[in-house]
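Asks: So the chains spell out like this:
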Amino acid sequence: MTTSKETEVKVGYKSPIVMGSIGLLTLVFLGLLGRDGMVAFEISRRTDSLQLPTLDIDSSLLGVLSGLAMFALAGFSFSKAIKNLKTPIWVSIVFGLVGVTALLGWLAAEKSVPIAFIAGTALVLAVPIILGAMAGIMSERVGITNIAIEGQLLTGAFMAAVVSSITGNFLFGIIAAMVTSALLSMILAVFSIKFLAQQIIVGVVLNVLVIGVTNFLYQQWLTEDAENVNFPGTMDIIKIPVLSDIPLLGPVFFENRITVFFAILIVPTIWFVLFKTRLGLRARAVGEHPLAADTVGINVGRTRFWWVTIGGSIAGLGGAALTIGNAGAFGREMSGGFGFIALAVVILGRWNPIYASLAALLFGFSIIMRVWANQVSPGIPTDFITMVPYVVTIIAVVGFVGKSRPPKALAVPYVKG
Amino acid sequence: MSEINKADNTMPQVMREIFSGGLVRTVISILLGFLVGALFMIGSNKEFIESLGYIFARPGDALGAAFAVVNEGYGALFRGAIYNADAETFEKAIRPLTETLRLGAPLIAAGLGIGLTFRVGLFNIGGTGQLIFGMIFATFVATRLELPFVLHMVVALIAGIVGAALLGAFVGFLKARTGAHEVILTIMMNYIALYFFTFLMRDPALLQETRASGNPKADAAAETALLPKLLGDNYSLHWGLIFALLAVVVFWWLMERSTIGYRLRMVGFNPDAARAAGINVEKTYILAMALSAGFVGVAAANQTLGTAIGVTPSSHANIGFDAITVALLGGSSGPGILLAGLLFGAFKAGAPSMQVFGVSPEVLGIVQGAIVLFIAAPPLIRAIFRLPKPQTTNALEAIRKRIFTRGGGSK
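Protein chains in written order, with our numbering: chain L, 1045 to 1461; chain P, -11 to 399.
By construction, these hints were calculated from the structure, which means they are not laboratory data.
Treat the numbers as computed from the prediction; the structure is a model and nothing was measured.
Every residue, glycine too, gets a C-beta built ideally from N, C-alpha and C.
Treat the hints with care, since some could be wrong.
Going by beta-carbon spacing under 10 angstroms, a handful of chain L positions derived as facing chain P [claimed, not checked]:
id: 1; residue: F1239
id: 2; residue: W1265
id: 3; residue: A1388
id: 4; residue: S1421
id: 5; residue: P1425
id: 6; residue: T1430
id: 7; residue: V1441
The calculated label-pair distances, taken between Cβ atoms and stated as ranges, are [what the hints assert, rightly or not]:
id: 8; chain 1: L; residue 1: I1061; chain 2: P; residue 2: L234; range: 57 to 63 angstroms
id: 9; chain 1: P; residue 1: D74; chain 2: L; residue 2: G1277; range: 43 to 49 angstroms
id: 10; chain 1: L; residue 1: R1090; chain 2: P; residue 2: L135; range: 58 to 64 angstroms
id: 11; chain 1: P; residue 1: W241; chain 2: L; residue 2: I1424; range: 45 to 51 angstroms
id: 12; chain 1: P; residue 1: I82; chain 2: L; residue 2: I1424; range: 50 to 56 angstroms
id: 13; chain 1: P; residue 1: P378; chain 2: L; residue 2: P1132; range: 38 to 44 angstroms
id: 14; chain 1: L; residue 1: G1372; chain 2: P; residue 2: N203; range: 24 to 30 angstroms
With the sequences and hints as input, model every part of the structure.
Replies: If you want it as structure tokens, here you go:
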């Protein structure tokens, strides 16, 4: 990880080149060679009291326009690169949004795009990823690699479903999910801090263990007695008065289950604590240079232990979002790789809670787009759409879209000298 | 006389060395893993839970129920994975063992691959992706080419190895060039490979079976490409085992005897020192990832050519991930991985038999996870059992020398 290349100050032209190439692909394949037919973007849902007209545009025209917009953004990035400045993050975000719009328009030629439904579902799907990524950020910022997010999510999902079913109270389910997941994270923390075990190995092993335990209990217990222990249902959807009536934004953000609201609140909170408080400064110091932190009197081991543990409890909440926040029951290995996606999101978001959440939304979009594309345009190979976020992650880690630099002391055990 | 005295003096030190060594720790970890599994079986057993209600009145019931469920569960595992004494004939009784060998073979081959990266100080979490790439290449050769018997199989095997190695080399290249972490790269590649494979199996012009059913599935491998049965048609055991054993030999020679292995181990031991000694560390990373994936490719060929049914997106059977646990338990050494692969192969072979006896075979996942958890933290096991710390003395080596070197020991 520590190569001499980290110190280079030259920004280079990788970002504009990548953006320009994607723009060209969009222009040609979604635009010039795209599909004919009008696309109707539905801003309001059909059930909304306030109905806004749909935005209609020709599918291939939208592709051309999107491609040109992407060129413009690539040009802007180029102009920055000439001055040896990094491409601002908002450019990447706008670029991503334009790309998603073009793809939606391409898929839905001669059909309509229910924006609120797609964006809302993407958010709900992204919540476990977002919360899992928060666990990743919190432990990696203090220098502990967390490969066990998958296990933390699965633990939370299992406990939330079982405890909610038995007690009939979702709050107990959420608490149980958070506590159990935190306990699991303590194993990771203790093994890494006290036993100096290889953090990546402990993480992988914890995943294996949690998958084993939940599979066993699911088979032996939950399927036998599903009505009593695995039938929690989902939490009620809460409508926030006034705010939920705003077109588009209302249904997407303010008409959700409590797990989504938690996620929306937790992300800025972690960002604030991490970057604006003394607590966060200390945590980051531990992750960047534990020896220096120790020298000024910060207890490295304790800091690492608590950040990893609290991070784990947040991932547990993410697990609860899978069961009582979405599916309504626990299923075998239902986290299905969300924990690994969260890991990718941590890196894509450069260990920043806000950016990571945006990256998580990208994955949420790709999941719902695959489902939706199968309905709206059957026969289109959706495997490539599903692949996009993973490819983007690789492009990001190899340093084409702005080098993402992990905390310096990541995965390095600290032994007090 | 003096010889014997000397030996007596060194005995405690020798014991200390034995008990601090990896073998004792591994055995303890395996036993503890089975113990954890037993606790889960007992804790979820209905008779046991009912007997808890009157445990103080008749504690024998609870103990009896606990013993019965563990006996039944692990007994079924033994009958399903090693030897079934209830079978009518010896041929049928020994069948479970051949299944263990069959299912263990790909775990061994892939485990070697993952173990190789551990020795170089890398983490290859991408066994699944590399396995899938190997399967893509092997499936292409096995279903789309026409070659004579044996040659077809060999070409398909090589294709599997090459396909996997290409993906591995690509990851190694990205790491060497950009410094990106191989863990992230390999995890992402797992998904990309899986979706790419699924895509290929959706299109009849590519890899989908000729009688396309709409589901992603490939044709069965041509008969000329199938791995021949090893023990006749009564057993499903095929040549995959031989290739896995060959892989162990190649791995051992590569790591312990060859110059390449020396270089790999040196980089794993201390990359900075290796660089100072003139080793091209970046190139070594690429080579290590390619070799690692190449071993995984043997498992890929095994999955593709081992059965007469066409592969599907789930044919990777999670071997890429299981291989990590195999490599950990096997201590990244050839013989260790061989034994570890057989143990976890036995778990796979014994699972259906446990199911028949009403014990959820999923408990084996817990055993597997617990074993490697204990393996992953040597200080934990040492603390629990008060084992001595690793010894830097060579009392054991001295005795070994005295036994094995004629006359050399007296020196």
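Asks: Look at each hint and say if it fits the structure.
Replies: Going down the list of hints, with the structure as the test:
no., hint, verdict
1, F1239, "holds, 4 angstroms"
2, W1265, "holds, 6 angstroms"
3, A1388, "holds, 6 angstroms"
4, S1421, "violated, 15 angstroms"
5, P1425, "holds, 5 angstroms"
6, T1430, "holds, 5 angstroms"
7, V1441, "holds, 4 angstroms"
8, L:I1061 with P:L234: 57 to 63 angstroms, "violated, 46 angstroms"
9, P:D74 with L:G1277: 43 to 49 angstroms, "holds, 45 angstroms"
10, L:R1090 with P:L135: 58 to 64 angstroms, "holds, 60 angstroms"
11, P:W241 with L:I1424: 45 to 51 angstroms, "holds, 49 angstroms"
12, P:I82 with L:I1424: 50 to 56 angstroms, "holds, 52 angstroms"
13, P:P378 with L:P1132: 38 to 44 angstroms, "violated, 52 angstroms"
14, L:G1372 with P:N203: 24 to 30 angstroms, "holds, 27 angstroms"
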